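Residues 1 to 250 (the UniProt record's numbering) make up the sequence shown, in order.
Rather than coming from a laboratory, the hints here were simulated on the basis of the structure. Take these hints with a grain of salt, some might be off.
Stated by the list, open to error - Label-pair restraints from in silico Cβ distances:
#, residue 1, residue 2, range
1, S97, E118, 18 to 28 Å
2, G155, A234, 21 to 31 Å
3, S201, L56, 14 to 24 Å
In this text the structure is predicted, and so the values were computed from the model without any measurement. Even for Gly, the Cβ is constructed at its ideal location relative to N, Cα and C.
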Amino acid sequence: MTEYRIDDLARAAGTTTRNVRGYQDRGLLPRPARRGRIAIYTDAHLTRLQVINNLLRRGFTIRHISDFLLGIQRGDDLADVLGLNEVVTEPWSTSTSTTMTAADLKELLNTASPVQMERLVEFGLIEPIVDADPPAYQVNDADTIFAYSRLVKLGIPLANISEIHGRVDAEMSGIAATLISSGRRAITDQYSDGWLPQTDSESDWAAELLGELRRAGMISAHNMLNRALDRDMARQLSQYLEASKNDGAE
């Protein structure tokens, strides 16, 4: 590990000894080790200085850099440091969850197929509870599982439901990508890709944007799906009745 005196460190980092001391006083730079009256710095100090310099070149203020670095030192994640954690990391799904024994779940879904249970695990709807005795599952989306159980009781095999679920899930992934990309584009159009908030007002704006994107996306997707279901129900009902009329004529 390379060791530096303060003059050497400042030179290697492309800054001044005055800045090095100033960053130390602000808590942005760890205090050096001491050998008698000589301050000894290391590569860790150089790396930290390079980070500070890069952030300054990108227009960040010393106060914002201080909040950022101190937050990281405390173990806060990046979203926390930027004031976006509540919006970014809070799950958008609010599905209810529960636990069920494997036997009860299989009875509910009228299946003894390990393949079908594994498909539900792949979809994230359920997950096995390790070392449970008797064997049990965490049901991550109880609303969906119980909705599917009602379809099963009406005679639709779970295998058919799983196939449809997979196709809809893939379509939803595309819709989600479109919505999130629109939010990202709103930021890149105004700033740049990789931009981070530099002021409290910018952090507030980014947090509000993400929150409103969530709400608008959920409302519009829900209502669009309902309208699409209405349209296709009418279309296929018409086809079904036409086929019934033809069968009757025959």
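Going through the hints against the structure:
no., hint, verdict
1, S97 with E118: 18 to 28 Å, "holds, 19 Å"
2, G155 with A234: 21 to 31 Å, "holds, 24 Å"
3, S201 with L56: 14 to 24 Å, "holds, 20 Å"
Hint compliance for this structure: every hint is met.
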